[in-house]
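Chains A and B are the protein sequences, given in the same order.
The numbering of the first sequence is my numbering, which starts it at 6 and goes up by one.
The numbering of the second sequence is my numbering, which starts it at -14 and goes up by one.
Treat the hints as calculated values from the structure; they're not laboratory data.
All C-beta atoms, glycine included, are put in the ideal place defined by N, C-alpha and C.
Careful: at least some of the hints might be erroneous.
As the list claims (entries may be wrong) - Derived lysine-lysine pairs resembling DSS-like cross-links, with alpha carbons at most 25 Å apart:
| id | chain 1 | residue 1 | chain 2 | residue 2 |
| --- | --- | --- | --- | --- |
| 1 | A | LYS280 | A | LYS309 |
| 2 | B | LYS48 | A | LYS361 |
| 3 | A | LYS242 | B | LYS48 |
Unchecked claim - Derived list of chain A stretches under chain B, where covered just means 3 residues or more per stretch with a C-beta under 8 Å from a C-beta of chain B:
| id | region |
| --- | --- |
| 4 | 315 to 329 |
| 5 | 357 to 368 |
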Amino acid sequence: MSDLLDEPVITIAETVRAGHVSAVDVANMCLARIAERDKAFHAFLWTSPDALMEQARDLDERRGRGETLGPLAGVPIALKDALCTKHAPTTAGSKILEGYVPPYDATVVARLRAAGALLPGKTNMDEFAMGSSNENSAYGPCKNPWDSNRIPGGSSGGSAASVAARMTPAALGSDTGGSIRQPAALTGTVGVKPTYGRVSRYGLVAFASSLDQIGPIASDVRGAARVLDVIAGHDPKDATSRDVPAPKCEAACELKVRDMRVGVPAEYFGEGLDKDVEASVREAIAALEREGCQIVPIQLPHTKYAVATYYVVATAEASSNLARFDGVRYGPRAEAGDLKSLYGKTREQGFGREVKRRILLGTFVLSAGYYDAYYAKAQKVRALMARDFDEAFSMVEAIVCPTSPTPAFPLGEKANDPLAMYLSDVCTLPASLAGLPAISVPCKPTPSGLPVGVQLIGRANDEPTLFALAAACERSFPPSAAWK
Amino acid sequence: MSVSRETILHVAELASLSLDEGEVDALAKDLHAIVQYVEQLGAVNTEGVEPYSHSAAETTLRKDAVMTGLTREEALAKAPRATEEGFAVPRFVHE
Chain A
6 MSDLLDEPVI TIAETVRAGH VSAVDVANMC LARIAERDKA FHAFLWTSPD
56 ALMEQARDLD ERRGRGETLG PLAGVPIALK DALCTKHAPT TAGSKILEGY
106 VPPYDATVVA RLRAAGALLP GKTNMDEFAM GSSNENSAYG PCKNPWDSNR
156 IPGGSSGGSA ASVAARMTPA ALGSDTGGSI RQPAALTGTV GVKPTYGRVS
206 RYGLVAFASS LDQIGPIASD VRGAARVLDV IAGHDPKDAT SRDVPAPKCE
256 AACELKVRDM RVGVPAEYFG EGLDKDVEAS VREAIAALER EGCQIVPIQL
306 PHTKYAVATY YVVATAEASS NLARFDGVRY GPRAEAGDLK SLYGKTREQG
356 FGREVKRRIL LGTFVLSAGY YDAYYAKAQK VRALMARDFD EAFSMVEAIV
406 CPTSPTPAFP LGEKANDPLA MYLSDVCTLP ASLAGLPAIS VPCKPTPSGL
456 PVGVQLIGRA NDEPTLFALA AACERSFPPS AAWK
Chain B
-14 MSVSRETILH VAELASLSLD EGEVDALAKD LHAIVQYVEQ LGAVNTEGVE
36 PYSHSAAETT LRKDAVMTGL TREEALAKAP RATEEGFAVP RFVHE
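The following block holds chain A by itself, in its conformation from the complex:
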């Protein structure tokens, strides 16, 4: 019966809603799977079995009373540890928040709960979402369920691994420069970065506020769509969440893609792109063409500046956001005789190497004498990148390209070379910098069996077109689990 967890989100929800299986049974299956499978991967930092069972019993009681359950009834959804939860610790993968249990739920967590989702635990991540391999977690790395000698991607590596190994059919991640899409691509799952402002970030531990966005990772396209439909929409607690009509992403999966114009940007197929990845992505493009899409060559000339632009803008914002971690209001404190040393020592002991690097870089690019040359310059180049997209979207409805230039790389390969690690984000950064929605969908694996993702980038607030195209890709490359 635990095979139900191999099913997609919608099948599980409809099975529980119809009363064929109880939420308590699903919760028990999920805990058993995590206990059995996660020893090898370390996708979960914390599980909360008591809170989970209480939630499941409540759902079953409500169903027993004749209530109609929500669209995610009984669906286990793992939460990245950057999302505040009242029922479980929230550390963002950092020692500086060790033991912290927030006094409130993030808005997305409250919305999942209200839709009937089961919340078994919190997933591993790069510290403060800073990383592309999950190796920067202060609690030890997460491993790729397809090959445990390889990284699952990052920073939402634990969320992607949980879905790839079918411990949960879906999870939430957060994406600042690719942290949902890249791990989804490297684990054979579907990952969605919604339009900037589409989903409330209230209760998300902030990394870079002009870029951060929460989104789903799921075993199939429709499952991701249903989760996004639940979490999207304006929230009075986040002024940057846009007050626009919520998209109907699940329904959009049924839309025809015939005659849609889809752009292929030459800049994403240049030097550094792995040959196997390129072959798979080209097959996915051919599949879209067979579905009736018109494939149009396009140019995004400022793409090559994305990594430099991003690592100025994101670190500048991070240096400001992370100022709040000072050992005064929560988390561990390094005791010292004076306040200045208390701050300095707490931060020295609490932050890992990559976080320190980014705080220093971000402080540097904002400091007197350097602001114009680095930060202001980067924001201008960012404007040019957004303009590139505007021009492209006057000719096409969506863009198709690789999600990651390589498949999952071995643990340790880039751990001591920050710049090499940053360059692995090159395909996901531009959509983030321009605030655009993007989806990574699995396409044909490499000859050695590693997953490859194809990325679809859309116009602002046009997630429905992306879901229609993603569903079309999925018809040629159906979902497959890492655990047989």
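For chain A, the structure is supplied; the task is to place chain B on it using the hints.
The following block gives chain B in isolation, referenced to the frame of chain A:
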């Protein structure tokens, strides 16, 4: 622009971040490489380009009305040290 030990120590001071003596040189080396890479932005012609920003017109503010928030007890519950009135830190004003 080269990133020296002195630059790292100055920036760390601005960021309220103490550093172990042993990590200063490694951080200077890492940041130097990253800053060198970032300097390619200097080659882009940005004359007349306004810096990127998300449109403020799309920001929706909520009503300025009183709402219940955390109680004092809830807000202080996770502090490493607190008194009944607030967060406790070492004395920093000396008469």
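Consistency of the hints with the structure:
1. LYS280/A with LYS309/A: Since the Cα atoms of LYS280/A and LYS309/A sit roughly 19 Å apart, the hinted pair holds (cutoff 25 Å).
2. LYS48/B with LYS361/A: Between LYS48/B and LYS361/A the Cα gap is close to 38 Å, so the pair fails against 25 Å, i.e. violated.
3. LYS242/A with LYS48/B: Holds, at about 11 Å.
4. 315 to 329: Coverage by chain B holds for the region 315 to 329 of chain A (4 residues, Cβ < 8 Å).
5. 357 to 368: Satisfied; 7 residues make the cut.
Taken one by one, the earlier hints fail for this structure only at number 2.
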